[in-house]
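Chains as they are written, first to last, in our numbering: chain A, 2 to 289; chain B, 78 to 501.
If you are wondering where the hints come from, they were derived from the structure by calculation, not from laboratory data.
Beta carbons are placed, not taken as given, at the ideal position from N, Cα and C, and that holds for glycine.
It cannot be assumed that every hint is accurate.
To be verified - Pairs of lysine to any residue, SDA-like flavour, derived with a Cα cap of 20 Å:
hint: 1; chain 1: A; residue 1: LYS86; chain 2: B; residue 2: GLN287
hint: 2; chain 1: B; residue 1: LYS498; chain 2: B; residue 2: VAL406
hint: 3; chain 1: A; residue 1: LYS115; chain 2: B; residue 2: MET217
hint: 4; chain 1: A; residue 1: LYS81; chain 2: B; residue 2: SER348
hint: 5; chain 1: B; residue 1: LYS196; chain 2: A; residue 2: ASN197
Said to hold, decoys possible - Partial list, computed: chain A residues near chain B (C-beta under 8 Å):
hint: 6; residue: LEU29
hint: 7; residue: GLU119
hint: 8; residue: LEU239
Said to hold, decoys possible - Take a look, some chain B residues computed to stay more than 10 Å from chain A by CB distance:
hint: 9; residue: GLY126
hint: 10; residue: GLN159
hint: 11; residue: CYS210
hint: 12; residue: TYR211
hint: 13; residue: PHE220
hint: 14; residue: LEU248
hint: 15; residue: LEU251
hint: 16; residue: ASP281
hint: 17; residue: ALA317
hint: 18; residue: ASP341
hint: 19; residue: ALA364
hint: 20; residue: PRO370
hint: 21; residue: ARG386
hint: 22; residue: GLU403
hint: 23; residue: SER439
hint: 24; residue: PHE441
Single-letter residue listing:
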Amino acid sequence: MKKSLVLYGPSKELLSADIRRGLFARCLNLEFDSLLNDVRKLPLDRLEESFLHLFLAKSVQHAHVPSVDYLWYRFVMGRKVLMVKPRLLCGIGAVALHGSKPFIPRQLCMHFEKFYGESDGLAQYHEELLRIKVESFAKSAGSSISFREKWKVFLEDIDRNVDETCVFRVRDFPYLAESAANADRDLLAQLLFEENKIAIKNRWTLPLLLNLALLQPRLDADFKIRIFSTFYETHKSLDYTDSVCILFQTLRDDVYRSTKLMQFLTERRISLPPLAAKYFMSGSSKHS
Amino acid sequence: MYCFRQYFTRGFPFTWPKRHSRGIKLSQRYYGRSPRCKGRLTLRPMGTGMTLWRYFNAPGNVMFVTTNVVTLLGIMSYTTIQNMAREQAMQEYLEHKSFGDDTVDIELTQGSPRKRYRKENIKLSKNQPPSNCYAQHAKMSLFHLLYSFYICRDVASENEVRGSSEWKEELDDLQDEVPERHSSHISTRMFYHLWRSEFGQIFDNLSRSQQFHMPNWKHYPGSLQVVCQSLYDSELRTVADFIKFYKGVKQGTLKELLRAWFYDNMQLFQSTSDNDNEYFYRYLVQACENDEPLFNQYASIMLNPSNPRRRAFFNRRNQYSSASLETFVEVLKGNLRAAAGAVEKSYYHESILNLVSMLRTSCFLAQNSNGSHEVRILLPGNMNVCDSLPYPHTSSADRFACYKLVSENAEVMAVLGAISKLPS
Numbered sequence: 002m003k004k005s006l007v008l009y010g011p012s013k014e015l016l017s018a019d020i021r022r023g024l025f026a027r028c029l030n031l032e033f034d035s036l037l038n039d040v041r042k043l044p045l046d047r048l049e050e051s052f053l054h055l056f057l058a059k060s061v062q063h064a065h066v067p068s069v070d071y072l073w074y075r076f077v078m079g080r081k082v083l084m085v086k087p088r089l090l091c092g093i094g095a096v097a098l099h100g101s102k103p104f105i106p107r108q109l110c111m112h113f114e115k116f117y118g119e120s121d122g123l124a125q126y127h128e129e130l131l132r133i134k135v136e137s138f139a140k141s142a143g144s145s146i147s148f149r150e151k152w153k154v155f156l157e158d159i160d161r162n163v164d165e166t167c168v169f170r171v172r173d174f175p176y177l178a179e180s181a182a183n184a185d186r187d188l189l190a191q192l193l194f195e196e197n198k199i200a201i202k203n204r205w206t207l208p209l210l211l212n213l214a215l216l217q218p219r220l221d222a223d224f225k226i227r228i229f230s231t232f233y234e235t236h237k238s239l240d241y242t243d244s245v246c247i248l249f250q251t252l253r254d255d256v257y258r259s260t261k262l263m264q265f266l267t268e269r270r271i272s273l274p275p276l277a278a279k280y281f282m283s284g285s286s287k288h289s
Numbered sequence: 078m079y080c081f082r083q084y085f086t087r088g089f090p091f092t093w094p095k096r097h098s099r100g101i102k103l104s105q106r107y108y109g110r111s112p113r114c115k116g117r118l119t120l121r122p123m124g125t126g127m128t129l130w131r132y133f134n135a136p137g138n139v140m141f142v143t144t145n146v147v148t149l150l151g152i153m154s155y156t157t158i159q160n161m162a163r164e165q166a167m168q169e170y171l172e173h174k175s176f177g178d179d180t181v182d183i184e185l186t187q188g189s190p191r192k193r194y195r196k197e198n199i200k201l202s203k204n205q206p207p208s209n210c211y212a213q214h215a216k217m218s219l220f221h222l223l224y225s226f227y228i229c230r231d232v233a234s235e236n237e238v239r240g241s242s243e244w245k246e247e248l249d250d251l252q253d254e255v256p257e258r259h260s261s262h263i264s265t266r267m268f269y270h271l272w273r274s275e276f277g278q279i280f281d282n283l284s285r286s287q288q289f290h291m292p293n294w295k296h297y298p299g300s301l302q303v304v305c306q307s308l309y310d311s312e313l314r315t316v317a318d319f320i321k322f323y324k325g326v327k328q329g330t331l332k333e334l335l336r337a338w339f340y341d342n343m344q345l346f347q348s349t350s351d352n353d354n355e356y357f358y359r360y361l362v363q364a365c366e367n368d369e370p371l372f373n374q375y376a377s378i379m380l381n382p383s384n385p386r387r388r389a390f391f392n393r394r395n396q397y398s399s400a401s402l403e404t405f406v407e408v409l410k411g412n413l414r415a416a417a418g419a420v421e422k423s424y425y426h427e428s429i430l431n432l433v434s435m436l437r438t439s440c441f442l443a444q445n446s447n448g449s450h451e452v453r454i455l456l457p458g459n460m461n462v463c464d465s466l467p468y469p470h471t472s473s474a475d476r477f478a479c480y481k482l483v484s485e486n487a488e489v490m491a492v493l494g495a496i497s498k499l500p501s
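Please work from the sequences and hints to get the whole structure.
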């Protein structure tokens with residue numbers, strides 16, 4: 002009993018000024034590996050707040066995954082002594098997403114809710130954190146979970162929670178696009194054209210799904226043009242900038258189909274984004 | 078170079094005309110008369126040596142070879158001297174380096190765009206290990222509540238306020254803004270509700286907690302000073318910390334405030350498993366006897382399975398959260414009391430029915446710290462969890478023993494008897 006008291010009692014003596022200066026200097030000089038090793042050995046309750054904030058910010062800035070992981074679990078989640086600013090939360094999310102730490106993004110969202118839940122003006126950070134969460138799920142679950150599940154997570158986490166004016170672009174969801182490769186045509190068509198259990202709020206959600214399908218190299222061009230035109234006939238007022246660009250990019254070497262698509266667009270008076278026009282011109286000039 | 082080529086391809090360059098005929102002769106000797114040649118072939122090394130010697134003997138060639146040798150020697154000595162010089166320079170460089178690391182470091186890093194920070198140049202602020210965000214938030218919220226309670230009380234009071242001049246100034250400023258005072262007294266419960274509706278959203282999220290520092294409480298009224306000091310000293314991390322703080326507060330009105338605050342902010346405190354807080358729950362239920370809404374809130378912790386506050390008071394023993402018979406009796410008594418005073422009695426009657434059926438169906442025998450048996454009551458909400466787990470009491474003998482113990486408890490029997498006398 003006495004022993005445990007000695008071991009776990011609150012330590013009163015603080016770190017010497019020299020050690021503290023050394024910690025700061027090494028953090029500023031970006032010697033993360035050795036610094037992390039030494040910090041692990043120090044008692045947790047003696048590290049000062051400003052150092053922890055600096056260490057976290059620097060390791061996020063330079064994407065040192067082990068440090069971010071350690072600080073997050075020890076000080077933010079574990080001892081709950083650090084409050085992380087929304088911008089830095091997004092940084093941690095990016096590091097965790099690319100450093101393959103699948104559990105952190107969910108906790109980032111929880112942290113954000115607890116600390117900034119009702120605050121105004123932070124919606125963009127919330128959206129970014131949700132995007133990271135969905136992307137991280139799509140990445141970490143791999144091919145063991147079907148695209149249907151991943152899309153459901155997108156609808157539940159992002160479409161339901163995010164403001165209706167928020168714009169979703171397909172290039173922001175590379176891992177979701179990657180996992181859409183596992184979806185077969187029937188599933189994509191079903192998700193796109195049939196009523197599903199979850200109602201869709203945002204007007205960018207369905208075009209995003211369409212773009213995810215159009216991006217798949219496995220699907221043939223005829224199928225892509227067909228779903229695009231069918232989808233356009235059912236939802237005329239949505240934004241198709243990305244879809245048109247993607248289609249013209251895939252049809253770059255196919256003058257016949259791209260010309261036909263061009264005819265379709267001009268008949269329907271769908272505006273042609275500059276990038277799509279560039280693809281179309283380069284494709285047709287190469288063959289003429 | 079010219080000489081070499083001539084020598085290798087044709088023979089001896091400087092005595093060309095004479096040797097020419099001999100060269101033909103030689104070839105005739107080797108190729109033309111092959112059978113005789115065999116014996117002579119053995120002499121060939123000597124012949125080569127002779128040839129070399131003759132070649133060397135020629136006056137022009139001596140000079141040529143000598144020149145070559147001299148050039149070679151020159152080159153060799155040049156490289157040797159160069160090497161030596163380089164080695165010496167390296168030696169000097171190393172010696173120089175060992176004198177001072179920093180100078181070399183600076184030379185090396187001068188080219189890099191990244192600034193190198195030196196330990197000595199770092200200015201330290203006050204060493205402050207961070208405090209728990211939740212504890213900070215609890216302190217901030219509590220301080221705000223207590224401070225506004227005192228301010229409100231003193232502004233509303235019609236008597237002369239005792240206190241320092243700073244405090245009085247603060248009151249005077251506020252009194253100018255208050256147009257007229259309707260009543261000099263607000264009930265504590267009322268004050269808490271007003272405070273919560275007015276300032277509740279400040280404390281909805283934790284984002285402000287890290288910027289909070291306790292202000293200087295030197296000028297506050299004496300009793301507030303004491304509370305502030307104990308709030309500052311308290312760690313307020315666990316439920317036990319709060320209980321300690323609560324016990325340190327002397328005034329009844331403040332305790333009332335704290336009870337109301339605690340119900341709303343219980344999620345800020347960690348519940349540790351090393352101490353049992355059930356006794357505090359019993360105390361709270363007793364203490365709320367005059368405050369019906371708060372009593373209902375606290376009673377719902379036991380009755381309502383979806384109330385998340387349960388973990389703060391009822392430690393899970395063997396994965397079941399259970400309440401002791403004493404706690405049960407307190408809640409039952411409180412409900413009876415409230416039912417007697419309430420206009421709408423059906424809510425309390427339902428609660429009483431629930432409680433009695435809990436006692437009937439989910440009591441079990443447990444060992445208390447003294448080693449003797451006691452009756453505990455399984456709280457509702459465990460049922461769906463324990464599909465896979467064994468139920469604590471299994472045999473009817475156990476249950477019989479439970480009932481026997483309950484019937485021996487005079488207090489329980491008295492309360493149960495009082496239920497039968499309830500007007501329906």
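Now for the hints, and whether the structure bears them out:
no., hint, in the structure
1, A:LYS86 to B:GLN287, "holds, 11 Å"
2, B:LYS498 to B:VAL406, "holds, 17 Å"
3, A:LYS115 to B:MET217, "holds, 16 Å"
4, A:LYS81 to B:SER348, "holds, 15 Å"
5, B:LYS196 to A:ASN197, "violated, 61 Å"
6, LEU29, "holds, 4 Å"
7, GLU119, "holds, 5 Å"
8, LEU239, "violated, 35 Å"
9, GLY126, "holds, 70 Å"
10, GLN159, "holds, 39 Å"
11, CYS210, "violated, 5 Å"
12, TYR211, "violated, 6 Å"
13, PHE220, "holds, 18 Å"
14, LEU248, "holds, 32 Å"
15, LEU251, "holds, 28 Å"
16, ASP281, "violated, 5 Å"
17, ALA317, "holds, 15 Å"
18, ASP341, "holds, 16 Å"
19, ALA364, "holds, 30 Å"
20, PRO370, "holds, 25 Å"
21, ARG386, "holds, 17 Å"
22, GLU403, "holds, 29 Å"
23, SER439, "holds, 34 Å"
24, PHE441, "holds, 31 Å"
In terms of the numbered hints stated before, the structure departs from hints 5, 8, 11, 12, 16, listed from lowest to highest.
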